[in-house]
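*Asks:* Sequences listed follow chains A and B, in order.
Letter 4 of the first sequence, counting from 1, is numbered 123 in our numbering, and no numbers are missing.
Letter 12 of the second sequence, counting from 1, is numbered 179 in our numbering, and no numbers are missing.
Because the hints were derived from the structure by calculation, they are not lab data.
Each residue gets a CB set at the ideal place from its N, CA and C atoms; glycine is no exception.
Honestly, I wouldn't trust all of these hints.
Said to hold, decoys possible - Dumping the calculated DSSO-like pairs for lysine-lysine here, alpha-carbon to alpha-carbon at most 30 Å:
no.: 1; chain 1: B; residue 1: Lys176; chain 2: B; residue 2: Lys238
no.: 2; chain 1: A; residue 1: Lys222; chain 2: B; residue 2: Lys268
no.: 3; chain 1: B; residue 1: Lys268; chain 2: A; residue 2: Lys157
no.: 4; chain 1: A; residue 1: Lys222; chain 2: B; residue 2: Lys224
no.: 5; chain 1: B; residue 1: Lys268; chain 2: A; residue 2: Lys189
no.: 6; chain 1: A; residue 1: Lys122; chain 2: B; residue 2: Lys250
no.: 7; chain 1: A; residue 1: Lys222; chain 2: B; residue 2: Lys176
no.: 8; chain 1: A; residue 1: Lys122; chain 2: B; residue 2: Lys224
To be verified - Okay, the calculated bits of chain B under chain A, using three or more residues with CB under 8 Å as the criterion:
no.: 9; stretch: 197-209
no.: 10; stretch: 212-225
no.: 11; stretch: 256-266
As the list claims (entries may be wrong) - Sample of chain A residues at the chain B side, in silico, Cβ under 8 Å:
no.: 12; residue: Thr128
no.: 13; residue: Tyr152
no.: 14; residue: Leu164
no.: 15; residue: Phe166
no.: 16; residue: Arg169
no.: 17; residue: Asn171
no.: 18; residue: Ser214
no.: 19; residue: Ala216
no.: 20; residue: Lys222
no.: 21; residue: Leu223
no.: 22; residue: Gly226
no.: 23; residue: Thr227
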Amino acid sequence: AQKVTQAQTEISVVEKEDVTLDCVYETRDTTYYLFWYKQPPSGELVFLIRRNSFDEQNEISGRYSWNFQKSTSSFNFTITASQVVDSAVYFCALSEAAYNTDKLIFGTGTRLQVFP
Amino acid sequence: DGGITQSPKYLFRKEGQNVTLSCEQNLNHDAMYWYRQDPGQGLRLIYYSQIVNDFQKGDIAEGYSVSREKKESFPLTVTSAQKNPTAFYLCASRIGTASEKLFFGSGTQLSVL
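Please build the complete structure, drawing on both the sequences and the hints.
*Replies:* Structure representation (structure tokens):
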């Protein structure tokens with residue numbers, strides 16, 4: 120069955136620290152897609168990144184980077200030099216191509232608090 | 168600007184009452200979704216619709232109903248059968264394939280009086 124696990128419920132850091140948010144997934148499919156979303160206090164989820172199962176290349180976007188490892192079924196998210204504006208709940212999600220095609224399954228989220 | 172509009176932002180339900188949450192999108196997306204968010208439980212799928220006049224139950228559909236009469240609209244009714252309706256409800260849409268990202272509305276907080 121498809122499942123997304125975000126074991127870290129809450130993380131607190133001081134500004135400028137690096138922080139990694141973990142995401143572990145389970146899937147029966149060989150073709151699948153992984154996503155990260157950010158939910159600021161306003162409530163609306165904001166898309167950050169999408170990865171397909173055939174592309175294990177790590178990605179960097181400014182202070183954000185993602186490490187996708189199929190061998191460990193993980194898709195971890197690192198924020199370098201964190202800022203107060205990074206404070207939010209972050210969700211990892213999984214979408215399978217073959218099974219339940221239109222369902223996007225979310226993890227329970229990690230609340231990140233960045234203190235000045 | 169294109170996007171998803173949810174209304175109202177806050178809603179209160181009395182015991183035994185049905186309430187309807189509105190979701191409208193002007194992104195021309197085929198697929199629409201309703202998620203429920205409870206503290207510490209992430210987002211759980213209530214219902215989704217891939218095309219007009221068709222919808223499927225998600226993981227927690229009991230006590231909820233939906234309709235999809237128009238492509239741009241996907242209202243959610245929380246019925247009196249839903250015994251614990253207090254939650255944050257999020258509507259989303261996407262083009263319609265597994266590879267595409269979801270676009271989200273700003274949510275409706277439903278509370279019981």
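*Asks:* Now tell me if each hint is right for this structure.
*Replies:* Now for the hints, and whether the structure bears them out:
no.	hint	in the structure
1	B:Lys176 <-> B:Lys238	holds (22 Å)
2	A:Lys222 <-> B:Lys268	holds (11 Å)
3	B:Lys268 <-> A:Lys157	holds (13 Å)
4	A:Lys222 <-> B:Lys224	holds (10 Å)
5	B:Lys268 <-> A:Lys189	holds (21 Å)
6	A:Lys122 <-> B:Lys250	holds (26 Å)
7	A:Lys222 <-> B:Lys176	holds (25 Å)
8	A:Lys122 <-> B:Lys224	holds (18 Å)
9	197-209	holds (count 6)
10	212-225	holds (count 5)
11	256-266	holds (count 6)
12	Thr128	holds (7 Å)
13	Tyr152	holds (5 Å)
14	Leu164	holds (4 Å)
15	Phe166	holds (5 Å)
16	Arg169	holds (6 Å)
17	Asn171	holds (7 Å)
18	Ser214	holds (4 Å)
19	Ala216	holds (5 Å)
20	Lys222	holds (6 Å)
21	Leu223	holds (6 Å)
22	Gly226	holds (6 Å)
23	Thr227	holds (4 Å)
Violated hints are absent here; each numbered hint is respected by the structure.
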